[in-house]
Amino acid sequence: MKIHIINGPNLNLLGRREPEVYGDVTFENYLIQLQKIFTRHTISYYQNNVEGELINELQGADGKYDVILLNAGGYTHTSVAIADAIAAISTPVIEVHISNIFSREEYRHVSITGRSCAGCITGFGLDSYKTAIVAAEFMTEKK
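The sequence shown runs contiguously to residue 182 in our numbering.
It should be emphasised that the hints constitute simulated quantities derived from the structure, not laboratory data.
Just so you know, these numbers come straight off a predicted model, no measurement behind them.
Errors might be hidden in some of the hints.
[Claimed, not checked] Taking lysine-lysine and the BS3-like style, the derived pairs with C-alpha atoms no more than 27 Å apart in a straight line are:
id	residue 1	residue 2
1	K41	K75
2	K169	K103
3	K75	K169
4	K103	K41
5	K75	K103
6	K169	K41
Using the sequences provided together with the hints, build the complete structure.
This is the structure in structure tokens:
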């Protein structure tokens with residue numbers, strides 16, 4: 040399976056941003072762990088802080104991957120444009136969140152982007168990505 044991980048704003052600061060919420064591991068180091076665990080899959084990674092660039096990446100990834108794992112960060116709660124991009128592509132998208140968005144500030148309880156996703160994984164730390172890959176395996180098995 041070809042998996043593309045797209046991370047949004049501020050996720051480039053993982054490992055030093057609010058470690059009590061997001062942990063102390065950079066995503067680049069975690070990606071190496073994922074690639075060692077899921078050797079039968081090809082896992083690529085993209086991060087950007089700009090909404091339009093995330094939309095471009097989603098559109099450009101369509102049809103090139105079996106699944107996209109998207110952590111849109113704060114755009115999860117605000118971006119109709121990213122939700123529209125997810126709805127417009129045929130590659131399934133699984134929404135991923137490191138923290139439990141439902142145990143945080145009330146404005147984080149709503150996911151605008153999640154409505155267009157195949158599913159949402161939230162609250163398991165960086166292992167939310169691992170859980171999403173297992174979910175993607177299950178989704179592709181059912182086809």
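State the violated hints by number, sorted upward, taking the hints as numbered earlier in the document.
none
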